[in-house]
Amino acid sequence: MKSVNFQELFKPSNAPYAIIIGSDCVTGLQTARILHRRHVPVVGLAKNPRSPFCRTKVVKKIIPADITGPGFIQVLKQIGPFLKQKAVLYPCTDLSVLLLSRHRAEIAEWFHVALPDEAVVEMLIDKFKFYSFAMKEGFPIPKTFFLYNRADAEKAAQQLTYPAMLKPPLKTPEWDKNTGIKVCKIRDAKDLLEVYDRTCRWAEVLMVQEWIEGGDTDLFTSNCYFSRDSRCQVIFISRKLRQWPHEVGIGCFSEEIRNDVVRDETIRLFEHVRYHGLGYLEMKYDPGRRKHYIIEPNIGRPTGRSANAEAGGVELIYTMYCDCVGWPLPENREQTYRGAKWIYLRRDLQSVFKHWRRGNLTLGQWLKSLRGVKYDAVFSWSDPLPFFEDFRLKLAGQIFKKNHSPEDGDQPAKTAAGNGKLEAAEKISR
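Those letters in the sequence shown? Residues 46 to 475, per the working numbering, in order.
Since the hints were made in silico from the structure, they are not lab data.
From the three backbone atoms N, C-alpha and C, an ideal C-beta is built for every residue, glycine too.
Just to be clear, a hint being listed does not mean it is correct.
What the hints assert, rightly or not - Cut-off 30 Å, straight-line C-alpha distance, at most; resulting in silico cross-link-like pairs (DSBU-like, lysine-lysine):
1. Lys413 <-> Lys105
2. Lys105 <-> Lys439
3. Lys216 <-> Lys106
As the list claims (entries may be wrong) - Taking CB as the label site, the calculated pair distances span:
4. Lys336 <-> Arg403: 20 to 30 Å
5. Arg276 <-> Tyr382: 20 to 30 Å
6. Arg82 <-> Lys56: 14 to 24 Å
7. Gly404 <-> Gly259: 12 to 22 Å
8. Asp274 <-> Gly404: 45 to 55 Å
9. Glu53 <-> Tyr382: 45 to 55 Å
10. Lys106 <-> Asp305: 35 to 45 Å
11. Pro57 <-> Asp305: 43 to 53 Å
12. Arg273 <-> Glu379: 30 to 40 Å
13. Thr206 <-> Lys122: 46 to 56 Å
Use the sequences and the hints to build the structure in full.
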């Protein structure tokens, strides 16, 4: 790390600093902008300081740090003595949440860490532990198998109903590097064994679940914040309208919606485990069974659609900040259901293009879907550079090419053995 003058950087401020752990991702950029508008001084840590999302002007300084390992904890220890008031930490990845939880005692004198007990963090992040907990406590989850070896995969292949999906319980750098996707859609038993053989080296354990029928619009999410006494201080419900890659990707266009089942299940889960911090729960409605199923929780960090709450007039991110520093909570914490939308335009264009090629969406329908109050994940009139850099690096010259980058979900990725190819997203299941 290049020498940083922390004394000069962390000058006395009326508001305690916020430290974004992961400024090189969309959620880091969104969180920084939200806090900056509330006049909170923001400093970021980033593994890739040259990321488009680090080109923002709302962050005072981007400090290089390995946020995928304990190196960033050492950076926080260097920063700590220069802080006049305890700073609020906003980790933006699962690994940084996990590491913060494990090392929280080492930095507690300088930083507010909004997380529940370490055992709760470990359980909610580790999909094996969470699904085991959910089955025991009666929370609705799809039929799930954990694959430690080929024998487990063969057993699951015979017992599953297809289609299904396969993913690691905790996404690893190796998984990201070799697939670039969130999950693999599996069409039948033979496909499961083939995909398992190709991917098993990229994670210590894999999990396979029944595929919940329904479209993108049957995917609902809740973003929330629970205070130290495990009380829900704010909750915001939205649903996906489009995602990229299709079926197995990450939401790129969503809208707020009322869904009391998702709201109540979120509160029931997090109250049950005595939760504290930012939380997220994804659920999918199966029209055939007329039932909602928990897909996964994400904890301790903002998510891409946390900013949808801002478009809906709900101060999710700032509520956590105020609660941590002991300030009165903001008044705007109730969802009013005004149809606010969130969009990551670059990814949405990719999704829309594929829908258009398949005849599922016209230009007019797409434009109509954009009406209403929106929050763009990257674009900002007052801070435009990240948007144009993101387009320059990721979209121009790629979106219409035959082979896209792994992030775009279509590029063939090398197998762990270095031979052959594993095709991502929908191609993985042919």
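Here is what the structure says about each hint:
1. Lys413 <-> Lys105: violated, 38 Å
2. Lys105 <-> Lys439: holds, 25 Å
3. Lys216 <-> Lys106: holds, 29 Å
4. Lys336 <-> Arg403: 20 to 30 Å: Cβ of Lys336 to Cβ of Arg403: about 29 Å, so the range 20 to 30 Å holds.
5. Arg276 <-> Tyr382: 20 to 30 Å: At 22 Å between Cβs, range holds.
6. Arg82 <-> Lys56: 14 to 24 Å: holds, 21 Å
7. Gly404 <-> Gly259: 12 to 22 Å: About 21 Å separates the Cβ atoms of Gly404 and Gly259, which means 12 to 22 Å holds.
8. Asp274 <-> Gly404: 45 to 55 Å: holds, 52 Å
9. Glu53 <-> Tyr382: 45 to 55 Å: holds, 46 Å
10. Lys106 <-> Asp305: 35 to 45 Å: 43 Å Cβ-Cβ, so the 35 to 45 Å window holds.
11. Pro57 <-> Asp305: 43 to 53 Å: holds, 46 Å
12. Arg273 <-> Glu379: 30 to 40 Å: violated, 21 Å
13. Thr206 <-> Lys122: 46 to 56 Å: Since Thr206 and Lys122 have Cβ atoms about 50 Å apart, the given range 46 to 56 Å holds.
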